[in-house]
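Take this note's numbering: the last position of the sequence shown gets the number 321, and nothing is skipped along the way.
Calculated directly from the structure, the hints in this document are not laboratory data.
Computed from a predicted structure; not experimentally measured.
Using N, Cα and C, we set each Cβ at its ideal position, and we do this for glycine too.
Pair by pair, the computed Cβ-Cβ distance ranges are:
hint, residue 1, residue 2, range
1, S222, R138, 36 to 42 Å
2, D69, E159, 29 to 35 Å
3, D36, G142, 17 to 23 Å
4, L61, G142, 16 to 22 Å
5, L310, E158, 37 to 43 Å
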Amino acid sequence: MTKIQQHSASDEVVVAAPAAVARGLVDDVIGWTQLHTTAVHAEILEDDGTEQLIQHWAVADRHSVRTWKVRRTREADRISFVHVPAEHPFASLSGEWTFKEQDGKTVVTLRHDFTLAEGEEGRLDEVTDRLHAGNQDYLRVLGYAAENGEELDQLIIRMEDPLFIAGDIKDVYDYLWEADKWEERIPHIAKLDLEQPADDVQFFDMDTSTPDGSSHRTRSVRIAIEPDIIVYKQTELPVLLDGHTGHWKFTQTPEGVIAEARHTATIKPSALHILGEGTTVQDARNYLRRVLSANSMSNLRLAKAYAEERAGV
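Using the sequences plus the hints, can you model the full thing?
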């Protein structure tokens, strides 16, 4: 009988921040999507206070998204996890984050333990290198976020805008999901090139006009989680931003649907000058609040008109 070999890939970073700060960033799987380039969305499917089941979505490349589920257990100085199930070429995949304070800093370690599927032992070096690269990327982002929390609090702006719609939730959902019809439906969309590699995944390049007359081209990925949410992330951003994520969320009520547009945007400090000489971070926050809300509320009003017309309201 062939003995199954256990392997591991472990990496660490020293962070100039308390352990509670570093641990909080790892714990916040929803907020992590704003910080990490490839992370698109995370849904907490189960949570009993200590153990969670989480589904993650991440960009695999320019044209595809991968999704996986992790069951994780949270303790004071560690967060352990196991993939359920492990994706090929793994037969099993688990690991842990640990947080150890030393001299006012925190040593954060990320380790993966794994076995390979039968016939895949020849890929050991490739898989181990990939895990190390992923660990180091996560730890780099974690270190930056932990050490620059106060600055990021100023650079990241979050907004949610709801609108009541006296129509059917499916009509509202479909109107906002059918991006191939946006050029005809939405006035501030000048051009949109769509690809849909799966029923629940879209990528598109879009030329958008803003209320002040400027325009920009972006690339986004969107994921449909029916019947109540469409999440998105811009993978190629306008000049002013270092990150932009958001969602369309739909809540059924006895009277109709509450549709909510959410934006989370990270301002790029080196690009403030594009709004004019002397522009401050607060000026950029004010600008983004106005422009992003105007565009998304315009979309929601169009969805409202469409759904209410179909409902005969």
